[in-house]
Every structure is written in C-alpha cells, then in structure tokens.
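Between the sequences and the hints, there should be enough to build the whole structure, so can you do that?
Protein chains in written order, with this note's numbering: chain A, 3 to 306; chain B, 3 to 306; chain C, 3 to 306; chain D, 3 to 306; chain E, 3 to 306; chain F, 3 to 306.
To be clear, the hints were calculated from the coordinates, so they are not data collected in a lab.
Note that the structure is predicted; figures quoted are calculated from it, not measured.
Worth double-checking, as some hints may not be accurate.
[Stated by the list, open to error] Derived contacts from chain A toward chain C, CB cut-off under 7 Å, selection only: (1) N36; (2) T110; (3) F112; (4) D131; (5) A269.
[As the list claims (entries may be wrong)] Below, computed lysine-lysine pairings styled on DSSO-like, alpha-carbon distance capped at 27 Å: (6) K17(D) x K32(E); (7) K37(E) x K37(C); (8) K17(B) x K45(C); (9) K37(A) x K37(D); (10) K17(F) x K32(F); (11) K45(F) x K45(E); (12) K32(D) x K5(C); (13) K17(E) x K5(F); (14) K17(E) x K37(C); (15) K5(A) x K5(F); (16) K32(D) x K17(D); (17) K17(B) x K5(E); (18) K32(D) x K139(E); (19) K17(E) x K32(E); (20) K5(A) x K17(A); (21) K139(D) x K37(F); (22) K287(E) x K32(F).
Even for Gly, the Cβ is constructed at its ideal location relative to N, Cα and C.
Below are the chains, spelled out letter by letter.
There are 6 protein chains.
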Amino acid sequence: MDKDQLNDIVAGIAKNYSEREEIFFTDPNKHFPNKLAIVNIVKDLRRVMFPRYFGDETPTGINPEYFIGETLIRIEDSLRRELREALLFRGGLATEELDARVDQICATFFSRLPEIQRILLTDVQAAFDGDPAAQSKEEIIFSYPGFFAIFVYRIAHELYVQDVPLIPRIMSEYAHGRTGVDINSGATIGEYFFIDHATGVVIGETTTIGNHVKVYQGVTLGALSTRAGQALSGVKRHPTIEDDVTIYSNASVLGGETVIGEGSIIAGSAFVISSVPAGSRVSLKNQEVNVRTPNKDHAKCWEI
Amino acid sequence: MDKDQLNDIVAGIAKNYSEREEIFFTDPNKHFPNKLAIVNIVKDLRRVMFPRYFGDETPTGINPEYFIGETLIRIEDSLRRELREALLFRGGLATEELDARVDQICATFFSRLPEIQRILLTDVQAAFDGDPAAQSKEEIIFSYPGFFAIFVYRIAHELYVQDVPLIPRIMSEYAHGRTGVDINSGATIGEYFFIDHATGVVIGETTTIGNHVKVYQGVTLGALSTRAGQALSGVKRHPTIEDDVTIYSNASVLGGETVIGEGSIIAGSAFVISSVPAGSRVSLKNQEVNVRTPNKDHAKCWEI
Amino acid sequence: MDKDQLNDIVAGIAKNYSEREEIFFTDPNKHFPNKLAIVNIVKDLRRVMFPRYFGDETPTGINPEYFIGETLIRIEDSLRRELREALLFRGGLATEELDARVDQICATFFSRLPEIQRILLTDVQAAFDGDPAAQSKEEIIFSYPGFFAIFVYRIAHELYVQDVPLIPRIMSEYAHGRTGVDINSGATIGEYFFIDHATGVVIGETTTIGNHVKVYQGVTLGALSTRAGQALSGVKRHPTIEDDVTIYSNASVLGGETVIGEGSIIAGSAFVISSVPAGSRVSLKNQEVNVRTPNKDHAKCWEI
Amino acid sequence: MDKDQLNDIVAGIAKNYSEREEIFFTDPNKHFPNKLAIVNIVKDLRRVMFPRYFGDETPTGINPEYFIGETLIRIEDSLRRELREALLFRGGLATEELDARVDQICATFFSRLPEIQRILLTDVQAAFDGDPAAQSKEEIIFSYPGFFAIFVYRIAHELYVQDVPLIPRIMSEYAHGRTGVDINSGATIGEYFFIDHATGVVIGETTTIGNHVKVYQGVTLGALSTRAGQALSGVKRHPTIEDDVTIYSNASVLGGETVIGEGSIIAGSAFVISSVPAGSRVSLKNQEVNVRTPNKDHAKCWEI
Amino acid sequence: MDKDQLNDIVAGIAKNYSEREEIFFTDPNKHFPNKLAIVNIVKDLRRVMFPRYFGDETPTGINPEYFIGETLIRIEDSLRRELREALLFRGGLATEELDARVDQICATFFSRLPEIQRILLTDVQAAFDGDPAAQSKEEIIFSYPGFFAIFVYRIAHELYVQDVPLIPRIMSEYAHGRTGVDINSGATIGEYFFIDHATGVVIGETTTIGNHVKVYQGVTLGALSTRAGQALSGVKRHPTIEDDVTIYSNASVLGGETVIGEGSIIAGSAFVISSVPAGSRVSLKNQEVNVRTPNKDHAKCWEI
Amino acid sequence: MDKDQLNDIVAGIAKNYSEREEIFFTDPNKHFPNKLAIVNIVKDLRRVMFPRYFGDETPTGINPEYFIGETLIRIEDSLRRELREALLFRGGLATEELDARVDQICATFFSRLPEIQRILLTDVQAAFDGDPAAQSKEEIIFSYPGFFAIFVYRIAHELYVQDVPLIPRIMSEYAHGRTGVDINSGATIGEYFFIDHATGVVIGETTTIGNHVKVYQGVTLGALSTRAGQALSGVKRHPTIEDDVTIYSNASVLGGETVIGEGSIIAGSAFVISSVPAGSRVSLKNQEVNVRTPNKDHAKCWEI
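Given below as structure tokens:
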C-alpha cells in the first residue's frame, strides 16, 4: 500500500466505526467480561470438584479444607469482578444495586457447589454404565469430552438461572470450542446424563431433559427455524425429553411442543418434529439397498 | 532401546526420508508459511473490524485513525512476509514477479476491508433475527462460533480469488479447528448468511450461496465422492444454494449440478443429490414409530 | 460469602471427598500420566516422521540421522516416564515387572515407526486422489485435520495393542479436541484411509476397516447402545468395513455383527444396523419434495 | 508436617498478620500498581523513541504517525490505570481530585516526550565519544545497559517531579535489576551523560549532575549514613557534580553539601565527603608496592 | 559445516564427555534439583509472609488461614521433591534414611517460618529508619532489592543449618542474579539488618553479623584468597561484624580473625584485613587534591 | 490527552524521526540480529558442553553423538541466520561474499568447540581450588555466575576474533545482565581463570590476562577515560595481567601500558595506573583508625 491508499482504507473503516454502534460502541463504561478469567474460573471449579485430576499442585490428604477454602476464595474474587463487568455491560443497575446483586449471585452460586458435585457423580456413573470402552470412572472424569461439556453446563446453568448476562455464554462457548458440544446454559437437564463421543451435539435454551437420558454425537435438540428473531425470546422453542430416552447419532428433535416419551429410542439421522409416546422406537423408513459389482479401479470417478 | 536397535530404527526412518520427497523435500528454499503469523493476521484483522471486542488495548475514541492505520501497517508487514513464503513454496515466479505479485495482492486485499466489514454486519443481523437466544448483536460478534467462521471465510476468500496458495487453507483450518466449521475459501457466499451452532458444517470449494441463507450444525454442502483426484480440480463439484434457503441440521446437499431453488427448506438429515425447484420442502419419508413398554432396567442391554 | 457460609460450603465439598473415592482417590502412588508430556510426544513423533513440516528447527540435509536419533532418544525418555505412571495407575505390577514391561513396550513401539511412516504415506496418497481441492501432497500433510487424526490413531494404536492404559486415550482425545474426529485407538484400520473434512467422525474400539476406505465428516462407525456397561468390555461391538467402501456424511453404521461388503457406498445420513453385501448402495428411501411459494418476508417465522 | 504441626504454623503466621499492618494491610481499596504493566509502559515508550530497535513489529516509513499515535494512546490508557492505583494507595484524594490529577499528570508527562527523546540523543553521543569499543551509535542504543538505565531514569524523573508515588520507584528498580544501576528518579541530571559498564552505579535522590559528566561502574553519588530515617526526607543529602566531571570506577562521593567542581577528575576508589574546587584531581595517597618472589605453588594458601 | 567436519567436531566433544566425569556424569540416579521449582518455592514463601504484595490472587480477610494453609501444603509438596533430589545428588543415604531426613528437614524448616517473618519486620524497620527516600514500609517490602536479598538469605539459611546441599546455593544465586547481592546462606546475621542500594554486596559463608548493622552497595565481607581449595572448607574464613556497625560503599573487610568492634564506621573503599576495636572510624589516608584548569575540549583525550 | 495535544506530541516525535538517522534508520535492509535467538544459541552451546546440567531433556548414555550432532546442526542453522543479519547491518559485503564469510566463520567457530570445552574445565578446576565454599565441581558448573560469565566470554571471543559485528556484544551483555560481569569479547584470557562472586567485574576490550589469574567482585581492568571516541578504536587501552596474579575486590587497574607482573597481589580498592614488577603486593597506604565511644542511639544521625 502507498500512503494515499492506506489513508483511504483507514478512512473507510473509520467511517464504518462512526456509523455503526455494533462495531464501535462508544459508552466508555461498557467492557466485555474477560474470557480468560472466566475460563480460569471454570478450571478452578473443576480442580475443587475433582482435586487430584487437574493441575500440578494436587492436595494431599493432610487438610483438604485449606485447599477447598483457599481456592473458593480466589474463585469468588475473580467471579465478582467478572459479574460486575457483565452486569454493567447490560446496564440498568445503580451502583448499590450492582453490589447487592453480585453478593446475592455469589452466595447462591457457591452454596450450590456440593450438590452439583454430587450430580456430576451420577453423570460419571451413567458414562461408566453406558460405555464398555471406559476402563474406570477415573478415566471418564479425566478425559471424556462429553463429561467435560456436562460439567461446564452444570456450572453455567447456575448463573443462567440467576439471570447473569454473557458469562454463561462465554462458559458454554468455551466448552463448545473444546468439545464440539453446544449446550445452552438455559437447558434443564436431569441426573445420570451421558453424551457419548460428544462432537456435534446441540441442546437448545428451552430444552428439558429427564433422568437417565443418553445422547450420541451429532444429536440436535433444537428449535424450528425462525427469522422472527427476538420476538420468540423466552418462549419454549426446544423439545422435552423424558426419562430413560436414548437418541442415536445425528438425529434431530425439534420444536417446543415436541415431547419424546419415557423410555423411547430415536434412531440415528431421525428428524423428529412432533411428539412420540412413551416407549416409542423412531427409525427411518426402509433404506434401499442396491447391489452392483464393486468398482476397484481407484482412478475412476465414484458416484453414488 | 539399546544402541543397535536405535540405530536400526534411525536407519529405517532415514531411508524413508531419502526415498520419499513428500516426507523430506530437499529444496532448501521451500518453507511453509508460518501458521502462528497467519493466525495473528486473522486476529489483528478482527480487532480492526470490531475494535472494542478483542484484545486488552481497546482504542479510545480520541483518534481511532491511529489505531486502524498502525494495525493495518503491521498486518501488511506480516502478510507480505507470509505471501512471499507461500508463493516461493509453489514456485515458478522470478524474483521481480514475486515482488510485483505481493504488491498487487496486498493493494487489492486491503482495499476490500471496508466492504467486508459492511457485509459482516449483515451476517450479524441475520444471526440476531434468526436466534432468539441472542441477547444482543454484541453477544454475536463477541462469542458466536458460526460468525467467527464466516468472518475468517470472508477474509480468506479475498486471498483465494487472487490465487494465493496455502494461506487461505491455513486460515480455514484455523477456523475449522476452533469452530468445527470447514468453509473452503473458494466458496461464494452472499450477504445475511447465518450458521447456527456451527459444529460440523462443511461448505465445499465450488459452492455458491445466495443471500439470506441459513444453515444449521452438521450441514454439508459437498461434492460427490471421487478417486480421480486432481483431474477434477477446478470443475464445479459443489451445489448452488439460492436466496432465502434454510437447511436443517445434518442434511447433506451434494454435487456441482445440484441447485436448491429459492426459498426452499431442507429437513434435517436429508441427503440431496439432485436439484429441487424454488419453494421446495425436502424431507425424509415416513419415519416409523413403534411403541413398546419402556425398559427401565438400566443394567440390561438396550438395543434399537 | 461470609465466613460461616464459606465454611459450610467447604465442609460440604470435603464431605463429598471423603465419601467418594472417584473424587479424591487417596492412594498417594496413583497419578495420571501428564497430558502435556504426551501431547509433546505426539508432536515430536510428527516432527520425526515429517521433518520439515512442523517446528522451527528443521533439519538440513547434512546428517539427518543425528536429528532422528536425538529426537527418538528424547521421546523414549519422556515416554518411559509416562508409561510408568500409567502402569502404576492401573496397578498390579511388581517393580521389576514394571521395568520389564516398559522396556518391552518401548522396544516394540519404536521398531514399528518406519512402517507406520510408510503407511501414512498411503493415507496421504488416498487424500490426494480423493480431494480435488488439495493442491499438493505437502498441503495434506501440513494442514488436513483428517490426516492428523489418522496419524495420531496410528501412533496410539501401537500402544493400545500392547495393553497400555490411559495414554492411548489421552492421545485420541487430543486429536479429538483438535479435529472433532474420535477414533478409538483399539480400531483396526487398513492402508489408504481418507477422512474428508473430518469433524464429527466417530470410529469405535472394535471397528475393523479394510484398505482404500473413504469416510466423510459426521460418519459414525459405532456400537448399539448399552447400559450394561463393563459386561460388554472386549466384545466386538462395532462394525466391519471391507475394502473400497465409501461412506457419506453423517451416516451411522452400528453393531459388532454388521459388515459393509467390499466396494459398497453408503449414502449420507443412512442409519445401517445390519450387514450389506459387497457392492451395495445404501440410500434413504424416497425423500418427499413439496413445492410451495417461497416466503421472502424475513420477519416471519419459518417452519418446515 | 502432620496436621497438628501445620495448624500451629498457620496460626503463628495468621497471628503475625493480625498484629502487623505492614504484613497484611486491611484496607480493601489499597492495591499496588501492577509491576508488569509499568514495565510494559517503559518498553512501549522505548519503542516509540527508538522505533526500529525493539519489538518485532517495526514501523515502516509509510506513515509513522499512525505508529506513534496508536502506541501513545495505548500507553496513556495503561498509565492512567496505574496512576490511579498509585494515588489511591497513598490516599487522601477525593474521586474528582483523583481524575483531575491523573489528567494533569498525563498531559504534562506526554508533552515532555519529544524533548526527552532529544536529550537521550545527547547521551548517545556522549557514549559514542567516550567509548572507543562502540562500533556505532546504533549499538549503544541497542545494547548498552548504561544507556538503558539513563533512559528509564529520564522517564521516571518526569513522574517524580509531578509527585507520583510508587511508579517511579518501580521503574527505577526495574532498570536496577536489569543493569545494576540504581538512579533514584529524584536526581537531576544534565545532558550528555555517560555511564560506562554500568554495574554498581548508585545515584541518590537529591543528587544534581551537570552536563558532559561521565561516571564508571561502581560509582556512588550518595548520602552520609543516617538512622534518623524520615526526619531527613526532602533535605538535600546527596552531592552536586558540576559540568565536565569524570569519576572513575568504585569511587564514592557523599553528602548534600559536597560539590565536585567543574572539570574535576575523581580517581577510582576515592571516598570524597567534602567539596573540591573546579579542575581538581582527586586521587588516593601513595600506594605501597612491596615486591617479593612470586609464589607459583597453587596448592598453597595465598595471603596478601 | 560439511558432513565430515561436523562428524569430527561431534567426535571431539564426545571424547571430552567420556574422559571427564564433570562434564557428563554417568550415574543415572543423579539429577540436579529443579531451579524453577526452587524459585517458585521462594516466591510462594514470600506470598505467605507478605500476602497482599505479590501475586494476583491476594487473599481477602474472610479466612486467611485457608490461604496460609493451602500455600504451605503446596510449598511442602514441592520442597520435599527437591530435597530428595538434592540429597540423592550428594549420595550416601539409604532410602529410609532419605525419607526420615526429608521429614525432619521439613518439620524444622516450616516451624521456623513465623519467627523468620517476625525478624524480617525488624529488617523493614531498619530500612525505614535508614533511608529517608523510603516513603513507607510497604514500599520497602514491595520494591527494595536489598530487602529481597535478606529475605532469600533468611530462608536459605534455615536449610543450610540443616546441611541441605545445593538448594540453599540455588536460592542464593537466584537472589544474586536479581539483586547483585551475594549472601552465602551459611552466614549468621542478626536482626535489624539493612543493605542499602544492594548491588555488589558479598557476604561470605562464615561471616557473623550482629544486630543493627548497615552496609552499602559494593561492600565485601570476604575471605583472604586461597588456592588451597577444599582444605579450608568449614574453617572460619570471613569476618565478624559486631552490633551497630556501618560500612560504606565498596569497602572490603576480609579474614576469619578480623573483628569489627561494636559501633564502628568503615569508610567507603576501605580495605580492612585486621581487627579494629569498638567505636573505630576507619578511613583512607589523605587523599591528594591537585587543581588545574578544567579542560572543556571534549574532543581531546582526558587522562587522570 | 485531548486530540489536539496528542497530535502535537505525535508531530514532535515524528519530527525527531525524520531529523535523526540514529532514531529511525531508513535503510529497509538493516535489521538487528535477534537477541532471543542469540541467547538460545548460548544456551544450546552450554547444553552441548555440559549436557546433563541444563534443560529438561538430558541425553542418556545410549548414543550421545546423536545429541551432540543434532544440537550443533540446529545451532549452526540459527547462527547462520544471525550472522547474515549482523553482517548486513554493518554493510559493505556483496551477496556472494556474505555467504562465503558466513561459511568460513561457522567452520572456524565450530571446530574450536572441543578445545573451548577443555579450557572451561581448567576454569572449573581454578574455582574449585580457589573457593572452599564449593562443595563439588558440579556445583560450580551448575550455579556459579562467574563461571557462566567466563563461558559466555569464551564463546563470544571466538566470534570477535573473526570480526563478527554485534553478536559478541549481544552475548556479552546477556551475561552482563545476568551476572553483573562485563567482559568485552575482545579480551584475551588464559586458562585456569576464576572470578569469585562475580558482580561488578569489568574487563576491557584490549585486556590481556595470563594463566591462573583470580579476580574478585568489583574488579575493573579498564581504560583511562577518553572523550576522543573512535580515534582510539583498536589501540591497546587496557592492562596486561601476567600469570598467577590475584586482584581483590573493587580494585581498578587501568591503562594500555600498565602491566601487573607475574604473581602479584593487588589489594582491594587499589587504583593502579602504572606497571608493577613481578611479585608485587600493592596496597593502600596507612588507613587511619580513630576510636570513639560507640553511639547506640539509633534515632540519631550517624556521620562518618
């Protein structure tokens, strides 16, 4: 670029800044929460809940209360800072209200941790029962991406139900980026939940899932498409999955009024947009099988 | 390993080196472009386009031209170095031609940035209209992986159309690795494009997509399989998607002559290898639903 | 949190520790292998096999044996340490047995490297023949996630067949996290294997795959669901894919007795749970196509 | 440690916390400025002043104003944050006063930069004239620790004269740690100043130095010892060095009333605690030289 | 280098390896302690002793016992590992003895921490009384290199007195590298010790220092030179400094029988190799001052 | 800053750029060698020479030639790049000359390594004989800063004698920054050289030092001051120290014609600017000792 061309491009981009508030929001008090800080909160919570699995400094048995207490104090310190940024970003709170909200969110959030830890152990049990390839429960906690995604969901959900903006989204997208599993923090998910192989699973904001449900990779529990945008915000748009349902790989179950009855099995690639009763087996119709002589000439074009 | 065994293995690998040019190309002037440098170019372009979203040092409003100009100069400096490596890797250019090509690529590329920035705002709008769970446009820019994949595609595409080797691929695979979305930089994609949930989407090199198209996770816009390899290079092998089409999760649309007519809707898991007219709804045939008593004994083997 | 509330939460978590061995295993001699060390072993093996592709310090042609030998010595040093941790974690070996096992695993593992390198070149060839968008074989080695996943599988498999615990899993999940491809290290996979676009592919532990097989993104070669857990450990639960088969995007082939005969083609989204003979084309039945007037009013709700 | 012993030690340290405010100051609004941020301010200022010497992204000649402007905006953003912390740490300012103080400090500080840059070039010239081993002026800017220490002093001094707490100290100690040169930011130092070899030089808070002064390693311009502490705060306790003085290695010049007259030369190891007139040569008295037979038996004890 | 030359050099170096045990000690069970781990132990101890000064995560006042306890557990875990390496490196201990020694060292070391913390506060007080430039005690703790060197000495000394090999040396050299102060961990130093400006101070292994002593930069408390090497190991070779002594910059006090009597003052650059009684002022003899006309022609050669 | 003020400051600095070539040298082909790369060359050479001391991956005894060879190839690769930059920075070489010079420098430099390694072992021996506090030769290699400074000097000197610009300086300043020892790479230093405690030692460019010389911290072997600058470049300006000399702390020996005869001993703080014969003991004259009553009131001002 020569100097004139550079200046033209700069002017073009600066013009976009000045015309579009989305690009360059000018309120100096709005900042996004810090993604790295939130990721570290997630990691520290994981170390508190499964203390000898992650991180170099594994606590010994001398006095684990020191470890738990010190880590929670540090997490709270960091979480408070990010909560404040997130609430300021959305706006509409006076300073005193802000502090009170942060206090209340933290108190409720941290008091839930022992119970979340208990529920996560039911998820470990479900994975151990559901996957013969797992050699131990420790292996599941240590390395299963589906379990990691559920862990992050269960944390993020506790903030979602307290109407915290942005932070649950950042947590979900962190898990999404690492595992390919996109569970909206608004979903309601029961105990003994198992996601096998993980990649490509999508679970929408208003989904309800019972106990002992198992889904495979690529499963979508989603909404019917809309371009009405925000008009549907808050409406139940995603399905209800009752207890003991199994959904195979790449199946899609869509719609807020769709209920998959207790104990049903949904075949892979199924596309379900209406309810089915308890005990259903949903499968695709008659696949055709045509036999012809196998083509072994690899240099030729293969078509279906 | 003892010393003899080690020496044998070393000899075996060294033999492979000497016999196979793919493993150990001996031309000392061939180097791959630097992946990290290219990733940083992508990140810096993102900061120029959405300046208060990413990175610690957010520009104030004092004089944003300084920020834009300085960042572009730095990007150009880095891009020039990588362009040179990429063109040298492919070979076939005299030194003076090389410099002229780099000049021309940069001049064209940077002059497109304000327009790309404008188009990206249409993509933000499409996501905002299409996802009731989005609380603001800012949240989309800040955290939606589908939007990130489109952003990287729009950048990489500008280099692809100028016949730059390797760098568009590195950019695409960077986005692919982070989001699970594999958009070949050769695809042609209109405005107001929205990829919801993102993971598993594949869009092939010769795909053409109109305006206001929406695709869900797991959608493939691909080619029919070939083992003819390079003979098909440059031929249109991927489909054409007209305006206002919606494609649900895990559907596949394949083939260079396949056209999905304007306003069509493709159901999840559909496998489409021939054209459909405007206004089509393509769905899977009659799924079977068999009801039986739900099996609540979790210790038993469940079969479909 | 005030001091009382904090102490209550700490006590609750500490109680979970003391009651559940999965959370806080108290055997001081059990440690997980180090994930980062194992990732570095994978990266170093990649540098030995494809020496001018990855890492700053590319060997010159002066004396590549030094490079190979030194890198292998370093890898062995690191691998031995992790093998020891992994075997100790599972337990049941006396100290002398442990050393002998580590010696034997290393000797066998390293002696396989030249052959693995040779097979990987057949995979590169398959990708080059199968993807017209690939501009060179170098581009495949350098940037194709499917090839990376196969590379990691072929390494991890050599440890799996020697009954090494945990480390093959860590390797597989590393590749899984980066590429969205989950190949269990227990699978048996022939030469000239190509995974196109990669994201969402799952290949189970007891899968057998022949030569010249090609699978697309989202393909599952899996098991039928079970909740019987460890009772099925070691049983063949995943399908057999014979030579020259092509499987399109998002198809699922499940079950230990399912055999896809030589030269077959499986359409996208197919859900196959029983065997098909050689030369089969498996596709979904009659998709319905209903045409209606395209709805161009983007503000309205679109339904399928 | 067993649990009892640990708890005793913890209690002992906690008791120290509660009794000594220096250890654990309880005011939650007091934080130290961030050392790393301040080090980065120093580095960024160095890049603005000597733009092609430090850092990867060297500006090209296209439009250096963009580089300067953008870097200064970023520095100001960071400096404001640290100034606020430093002023809050000292306390005593109302919120509005705080903002006004920060505004004023920044306005004055940044307006001084072009002049500081000019003076630093006189220091480069002095080093070039004074050191035959310097191959170029660029080598001095790029690698001389004495020049680096002077650079940091000249920056820190501008904050000291505006009564900024803590930050000038952090800057000085950063230079001290890297070069072994401890120049208190309160000192007043003229143009064409050269510190050769650098290590061990100490220049106290109330020192005054003229133009064209040269000091060698180990030189102290200090105070006479006191244990009266803060009673002497603000009093001139360090010497005055007039123009054109040279001070050799390890000499000490002490005391607030000590003046080294113009053009004087102080010998190495001299210990000067009273004034000397212009043109003095200060040296140590008659060193004794006793000759004896050299002892070549290295195994024996050597004494002086 | 061509291949022959390379191979010759390699052979030359390998020959040195095989001939000189210092270069390449072949005992596979000897490893040096890890320098980084030891540096982190020092840093963590500093955070325990001065908890709101260093590190991002400053404990709040809720329950500092959690912070202290958890940090000490982590430090002990790390210190045990390094103690084991250091003792193995020296050799001569059976395995059970090793464990018992490590237990004992840790128990004694940690029980000393509250007392060390108390003594360090006397050093802070001495610095505050002795340096009018210090604006607060906090500034001394936060940023004075002399205080940092004393802190590290007081920690390392506790390990020295328990005959721990290598680790005290690594700690001392860490402080030496950062501050230019080389205090051998074997020295015995009383309370209220102040090192002003720090750089260049050397305090030898068998030095004894009383209370309320103040030394300036460049002061050596050393030994007379020997080439008798290890024959003098353990003999008192360094001086004794009684209470209330002040030693000015660059003075050297040498010899194991040299005693500086209570309340003495040693002038800068003094070289003292025999004892002086209490209340002495030791200074250099009559410095000559010769006056001549100052030479203002900077282009001329200046001589002393 | 407001916009106007910012623009003024930017203009002021830009004006300095345009007027002073030192600040902003405009030749686009001049770049400084990369400091980090050069530091890594030093570290890698240290690992080759003392292979089990530094770095995680210590070679086993299987085949150390692989380790040596591979490390040397990598060092040469990196050194060649930096040599090229350094020679281009000075300018005056045609491209072919440049390559020939780099070849020749490398060939000579690497062939010297086995001999340098041998000489370094004499330095280790001298330290072991000279310091009763050293517990082993390994401890000296592993942790003595004086030995590190000599190591770097011996490397840098080999480049200096081949007239390599800038790189020897960068090496020296790296050692200087870490140890406080500034040995100009041009100095000529014999075998069995020992620098005890290290901080503050300066050894000038044209110094000549014999065998078995020992210097203490703070010793200067320097030049008489000049402001004639480059006119003296290349002239011998620093002293000659013959065999078996010992120089105590903070002594200065200056001048190109000054010769310290064999076996001499120079007392601490001595300032020597003329030659002394073999066997001299140089000491300071009659120090005065005045005794008075020690002042124990620490609150009073103490004066010398």
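27 Å limit on alpha-carbon distance, applied to hinted pair K17(E) and K5(F): 68 Å, violated
Take the C-alpha atoms of K17(D) and K32(E), compute the straight-line distance between them, and say whether it is at most 27 Å. Violated, at roughly 41 Å.
Take a quick look at whether K32(D) and K17(D) sit within 27 Å of each other, Cα to Cα. Distance ~21 Å between K32(D) and K17(D) Cα, so the pair holds.
Would the hint linking K32(D) and K139(E) be met if the CA-CA limit is 27 Å? Since the Cα atoms of K32(D) and K139(E) sit roughly 14 Å apart, the hinted pair holds (cutoff 27 Å).
K17(B) and K45(C): Cα distance at most 27 Å? Holds, at roughly 21 Å.
Distance restraint between K37(A) and K37(D), which requires alpha-carbon spacing of 27 Å or less: 22 Å, holds
Holds or violated: T110(A) as interface residue toward chain C, Cβ cutoff 7 Å? 10 Å, violated
Restraint check for K5(A) with K5(F), where alpha carbons must lie at most 27 Å apart: The given pair, whose Cα atoms are some 22 Å apart, holds under the 27 Å limit.
Can the hint on D131(A) be confirmed by a CB-to-CB distance to chain C that is less than 7 Å? Given a least distance of 4 Å, the restraint on D131(A) holds.
Is it true that the CA of K139(D) sits at most 27 Å from the CA of K37(F)? Distance ~18 Å between K139(D) and K37(F) Cα, so the pair holds.
Does the nearest C-beta of chain C fall within a distance shorter than 7 Å of the C-beta of A269(A)? 5 Å, holds
Between the alpha carbons of K32(D) and K5(C), is the straight-line distance 27 Å or under? 22 Å, holds
The structure fails hints 1, 2, 6, 13, 14 and 22 (numbered hints given earlier, in ascending order).
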